[in-house]
Structure formats: C-alpha cells, structure tokens
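**Student:** Each chain, letter by letter, is given below.
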Amino acid sequence: MIDLKDVTIRYGDAAVVNNVTLSVEYGQSFALVGESGSGKSTILKVLAGQLSNWSGRIRLGEHELAHGRDKALVRLCQMVFQDPYGSLHPRKSVDAILSEPLAIHGIGQRDQRVQDAMAAVGLARKFRFRLPHQLSGGQRQRVAIARALMLDPPVLLLDEPTSALDVSVQAEVLNLLKALQEDRGLTYFMVTHDLPVVSFLCDRLAILRQGRVVEEATVDQLKQQAFRSPYGQELLSHSH
Amino acid sequence: MMTVNWLMSDAPETRWQAGLGQAYRTSRALFANPLALVGLVIILGLLLVAAFAPWIAPYSPIESDLSARLLPPSAAHWMGTDELGRDIMSRIIHGSRITLYIVLLVAVISAPLGLLIGTMAGYFGGWVDRVLMGLTDIFLSMPRLIMALAFVAALGPGIENAVIAIAITAWPVYARIARAETLTFRNAEFMSAIRMQGASHARIIVRHVMPLCLSSTIVRVTLDMAGIILTAAGLGFLGLGAQPPMPEWGAMISSGRAFILDQWWVATMPGFAIVVVSLGFCLFGDGLRDVLDPRNRT
Amino acid sequence: MSLLSVENLRVEFPSHQGPVEVVKGISFDLGRERLGIVGESGSGKSMTGRALMRLIAPPGRVTADRMVFDGQDLQTLPDKAMRRLRGARLSMVMQDPKFSLNPVMTIGHQMSEVLEFHGRQNRKQRRESVLKALRSVRIDDPERVYRQYPHEVSGGMGQRVMIAMMVILEPDLMIADEPTSALDVSVQSQVLDIMDDLIRYKGMGLILISHDLNLVSRYCDRILVMFKGRIVETCEAGQLHQATHPYTQGLLASVPVLNEHRNRLPILDRIQLGSV
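Residue numbers (full-length UniProt numbering), protein chains in the order written: chain A, 1 to 240; chain B, 1 to 298; chain C, 1 to 276.
Among the hints, a few may not be true.
Listed next, the in silico DSBU-like pairs over lysine-lysine satisfying Cα-Cα at most 35 Å (straight line) [unchecked claim]: (1) Lys-228/C with Lys-126/A; (2) Lys-132/C with Lys-202/C; (3) Lys-132/C with Lys-92/A; (4) Lys-178/A with Lys-124/C; (5) Lys-5/A with Lys-45/A; (6) Lys-126/A with Lys-24/C; (7) Lys-178/A with Lys-223/A; (8) Lys-24/C with Lys-228/C; (9) Lys-126/A with Lys-45/A; (10) Lys-45/A with Lys-92/A; (11) Lys-223/A with Lys-71/A; (12) Lys-223/A with Lys-5/A.
Quick look at which bits of chain A chain C covers, simulated, 3 or more residues with Cβ under 8 Å [stated by the list, open to error]: (13) 170-176; (14) 190-202; (15) 219-232.
Because the hints were derived from the structure by calculation, they are not lab data.
Bear in mind the structure is a predicted one, so any value in this text is a computation, not a measurement.
C-beta atoms are modelled at their ideal positions from N, C-alpha and C, and glycine is treated no differently.
Make a model of the complete structure from these sequences and hints.
**Tutor:** Here it is, written out as structure tokens:
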C-alpha cells in the first residue's frame, strides 16, 4: 500500500533522510520509530504531501506521489497529528471541523455523515456544536481522528497520536485506533518513539537513526526484545 | 435564569445556540467594563442622532439668517449661531451623518483590503510576502494626513475623494496586524490538516485564516476610528474634504477660526463633538480589545 | 525532624461558577528523601509544587494548616525572605528549559547572576563555581557552554544546564516538575541519572512531579498518587505494583507494555472513581 524506494530528503544541502526504502502492505499497521532528529517526522511530512524537496519514488497503492501539490493524495491518506490542542481550528465547532472536508469536495448528506463519524469515534451527540476549548484532550483527539476519516481514505498517517495525552486517555485513543483499523481495514503509518505503543498497535516497525533505517523488525521481535542492531537494543533498554 | 443557563451551556445543541451563547458571553464581558459601556453609549448616540437628524435638529443646517449672526449660546440656540446665522447645534447634528458616512466607508474599504493583503502575505510567505509587505511599508512610511492631502490634491476636493484618500492610507496598519497574526499560526497543525483535506488557497485564507485575524482587526479599526475622524476633520479644516455649505465638523472649526477670540463657541462646539465621538470609539475599542483579543485572556 | 511538612494544603482559583479547588487538602511529610508525586493532568500535582514554591499568583489562593520548611513557615514568610529561600534552599526545575532560561544572556552569565543575587563570592570565584556546577552535570567542556546562549544548546543540554543552575546553590530541597518530558527517551534517563546522582551525593530532598508511573517508581523512594486534587494512595516505590486504590491500579493497567498481548487496554471508569 505504501512503498518508499531510495527516498532522500534534503533541507538545503543537508540530507535529513538518506536512501530510505520501506514497504507497508495493505491493512498493515506500521511504525517508524526514532528519536527527535532521526528524520521520522520528515518522512511523514513527505507522505502527507507537505514537502517537495525529496528524491526517489513513493507509491501509495497505484498512485505515484508527485513532488508538490498532489490532489489525488487527499482521498488516499489523511493524518492525525500529535498535539490535540494545535490540530483543531480554535474558532470552529466540531460540526464545522467535520463538515469542512465534505464541503470542499462537494459531498452531500453532511448532517448524516457528521453524525456517523462522531458515533464511529465514540463522541456523544452533545459535543457536536462545541468549540475545541470546550473539549478535553482525549475528545479533541477523537475529533481529529473523525476528521481524518471523513473522506474515507485507506491510509492514515499517525504522528505520535497519543504522546500528548494522559496515560488513561492514551489507552482510550489507542483502543479506538485499533478498533477502527479492525473494522475498516485501514493501513496505518505511525511515527513514534514509544515502543510499548508500537507493541500494542502495530504489526511491523522500522527503526530510524540519523536519517537511515538501522533495523526493520516484526512486532514479535519487539515483544521478545530481539532486535539485532545495537541501537535497537539501546532503545529497548530505555523503554523499561 | 433558564435562558442564561441555556446561553451559557457548555453543551450547545444547535449551531444557533452555540452562536448566541458566544455572543452572550462576549457582551456580558463587555458590559462588565464601565468605560467600554460609556463608549458604546456614545457610539449608539451618534448612530441615533445621525439616523434622526432632520427630526432632532431645531433649525435647517444650511439656510442662513444674517439677522442672527454669531449669537452666543442661549435657550433658542443651545450652541449659538455661526457667521451666517446658522444654528450650530443643527449643523453638528447633521454633520454627524457626514462623520458617520466617512468613518463607515473608510472602515468598509480599508479593513477588508488590509485583512486580505496581510493574510495573503502571511499565508504564502516567500516572494508574495516580500512584495506585499514592501508595498505596505511604503504606504506605512508616509504620514497619513500628508498622503491624504496628496491624494485629494490629485483627485480634487470632496467627501468621496477624502474617503478614498483616508482609506488608502489606513489599510497598511491592518495588513501588518493581519500578517503578524497569520504568522503565529501558519505552521500550526490545523493549517496542515486543512491543506491535507485539499482546500484551495483561497478557501483556506477566507474561511480559516481570516476568522482568526478578524477580532484583532475589528479592535484596531474601532481604535482607529478616532484617527479617521480627526483626519477627515483635518481635511475639512484645510478645505479639502467636505465643501461648504456642508456641515462637516472640521470645516466648521475652520470657518470658526476667524472668530475664535470673540465668538469662541463657533469653533469650540464642533471641536467638542469631534472629541466626544473620538473618545467614544477609543473607549469602546479598548473594551472590545479586552474582550476579543485572546492575548489578554488569562 | 522532617525537611518539609505539609498539612491540609488547598489551592483554589475563582471561576464563573464560584471558586474551584484544584488541590483539596493534602498532607505529607518529607525528609531528605526522594518523593514522587504522580497524577494525570488536572490532578493538582503541578499546583502542589507551585504552591510549595509560593509561585501561585492571585487570583489563585493557597491555604494550609501547616506548611513548614526546615522550621520556617512558608505561609507567613515575608516575600523578600521567600525570594532568598527560593534558589538558595528550595529550588525548582521546570518542564521546558527553553522557556526557563533568558534567551539573550549567556548561560554562564545567568548562572553567575544567580550566585550574585544570593551574595556569594567574588567574580572569579563565581566563575569557578559555575564551571564546577556545569561539570557536575557531566558537561564535558563547561568553558564552551559557559559562553553559549540558550538557543545554541540542545534540549538535553539545556535541561542539564537548568539542573546545574539549581544545584549551584546547593539547595536542601529540589522540586522537579516533569523535568524530562520534553526530551527524548535516551536523553531522559541520562538527565535523570545525573539529577539522581547529585541528589544522593549532596543529600538533598527531591520532589519529582510526573505523569509517568514507571519513571517515578525508578527514581523515587516513596510515591504519592494524586487524583482530582487529593492524594489517593501513598506507597513505597518498589511496591507500586501492589497498589490498592482502584485509580492507581487502573492507571498502571492502562499503560501498554513492551510485550503487549492485550487486544484492548482497560479504561478507567472515571464516573465510578469520582465517587470513591
């Protein structure tokens, strides 16, 4: 579903991501693990079509990703961001936020679709006309997930979707993400530094360090703490 | 009490209730500020006076009565009469229409223009930003009254030209503010999110960027009203704005200047009107800023 | 005698619906030990730390039956004496070093200023002390860091500088509010290890405020669990996993583990917990 081949990303002269080749199958949940500066967020931005200064080949399903504004990408993948406080427009109600993608693409039955989306992420109807500041962090993240699903994309990009949440709220959001994936056969591409979260949500992972993939592993290898690379072992040792 | 609870509800059930609730909260905060309330009363007063000018004014603002020249304030003429025997109060009352016309027209032209240029510069960045802001800086670097003078000199005197001249000199401030505001959130995640949903640049600017810059622009416009009134009066005073016999306040001061020592009321009364109305806008603008500007929220 | 003794500490803030209590009467004693305060956002854990430093500004209100630090009543101490106490004997490390350091002053200058404020030593001695403090947080070339501005150092380095700044006056009690949650995991344990060493070596007291149960149990001797402004559980760090309060148990269970086999994570029942 997602194929990266020899992807190199540059900021000015410096390459922040070097010859990364990855492939994620349809319906799989994949994690890109690394610390800040490893380039993991940069890869996510490229997949989201927000950066054009990359070389190599990227395919999403049958679609070849263009350098620059790519209209087809909208229906293929959407993103859930890290910060539930920064990812929702502060002056727009839940209803407006969820209706917007429908309005942009001229999709009808908006009332019904908004209600369905809210139900799918477990948001009660009473939240529909609230503004983001009237919601808790977990509720906001549910709105962000619902927004990403409004256009029914097969791929969801997840940018540390729970790292800004309390642990008990993290559990709720992780459960929701897992249930949505099971129900809809979504493909997840998650960026994170949290190995236990990967262990819960993902099937496969790649470890990124200074713009290079140091190790690809299955989640079983993670569970048995059987990483081959020294850096992978180091990460494990920090994750108590 | 029921309605208050309904308005203040944290869980509005309809778009309507949410909107009304927001408006109620804003107005409640505004009413808690006595100075802003004074400003609001003055502005409402100006609106009412302008709306009902022909019915309120005791005399005609234009017809002269040379037998009643330069009379001091009295029961018949509360603010006295001018050199052509016209009742000054009637002229001020009718003049409020001109003032309001100028102020509103300037606001309607310059605020959207500034907002559009500022948000575009902030949103696109790069060369668009440099070009637009260069333009803004050029306009901003020239003193407003001088600029207005130059425009009026080129276009010819008259209210419409005065309005155009003032509007052209007023927008750069709004552009600067809108750009600065836009820069604070242009890289926010909600902007990335809306871009990812495939919204066009125009849609993003109009529906997502502008609403966030709107409140600071409104506040600034309200605060600028006083300056606009003064510039308009200044143009009138110099004979480049409203033309006689129109009862424009600045022009009235100008014509009263000749008698300032012996017949003080001729120049003072319209001056007083300018001060009161300017003050009203300033006070209201200050109050509005406290309510709307999120940076002042604690 | 205990270093810090707190009884019935309350913090309240006014709101439209009347005052809201964010800390609802908590009591604890602290010796020269490492105490962890754990809770989620809104539990009142950060407010507790700030109240102890007397950093809660009006309209917030702090009351307590007793709040004594080494024989000095923190409630009645005049502001000036409190400022002397802060830093010299009682210090606080905040979450993000970027916001706690003055961006237009070199690190060395800022640290010397702290010493100067507390009237210690002459210029040359101050410089020596600063370099020594920087070395004590395992900064290899303190001379260079001394001349650098805060934006020129990495997050981990910045947080080490913060800790150096705190320990330079050799306080008796350090309050660290989420000192590492802005840092990468590998840097996190480095910074905490450094902090831990210093505290043991100098025999300071520590209050470590965090949302991370595992982290707190690793670096503290004793743990207080806060929920909705109250302490719901107190236990030895090693016995955290035998916690008895349903909130603590729920919290522990909801964290995914490395070897995760549950298909769903258990969810806290907040409504039921609210009545506990």
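**Student:** If a hint holds in the structure, say so; if it does not, say that too.
**Tutor:** Here's how the hints hold up against the structure:
For the given pair, Lys-228/C sits about 24 Å from Lys-126/A by alpha-carbon distance, which is consistent with the 35 Å threshold. Taken as a hint, the Lys-132/C and Lys-202/C pair is honoured in the structure, with Cα atoms around 14 Å apart against an allowance of 35 Å. Between Lys-132/C and Lys-92/A the alpha-carbon distance is near 53 Å, which puts this suggested pair outside the 35 Å criterion. Taking the CA atoms of Lys-178/A and Lys-124/C, the gap is near 61 Å; set against the 35 Å cutoff, the hint is violated.
The suggested pairing of Lys-5/A with Lys-45/A holds, with an alpha-carbon distance near 16 Å, which does not exceed 35 Å. Annotation: proposed proximity of Lys-126/A to Lys-24/C holds, straight-line Cα distance about 30 Å (limit 35 Å). The suggested pairing of Lys-178/A with Lys-223/A holds, with an alpha-carbon distance near 18 Å, which does not exceed 35 Å. The suggested pairing of Lys-24/C with Lys-228/C holds, with an alpha-carbon distance near 8 Å, which does not exceed 35 Å.
The hinted pair formed by Lys-126/A and Lys-45/A meets the criterion: a straight-line CA distance of about 34 Å does not exceed 35 Å. As the CA atoms of Lys-45/A and Lys-92/A are separated by approximately 25 Å, the hinted pair is consistent with the 35 Å bound. For the proposed pair Lys-223/A and Lys-71/A, the alpha carbon gap of about 39 Å is over 35 Å, so the pair is violated. Only pairs whose Cα atoms come within 35 Å are accepted, and Lys-223/A paired with Lys-5/A is accepted, the gap being roughly 28 Å.
With a threshold of 8 Å between beta carbons, the proposed coverage of the stretch 170-176 of chain A by chain C holds, since 5 of its residues qualify and at least three are required. With 6 residues having a Cβ less than 8 Å from any Cβ of chain C, the stretch 190-202 of chain A passes the three-residue criterion, so the hint holds. Counting residues of the stretch 219-232 of chain A whose C-beta sits closer than 8 Å to any C-beta of chain C gives 4, which meets the bar of three, so the coverage hint holds.
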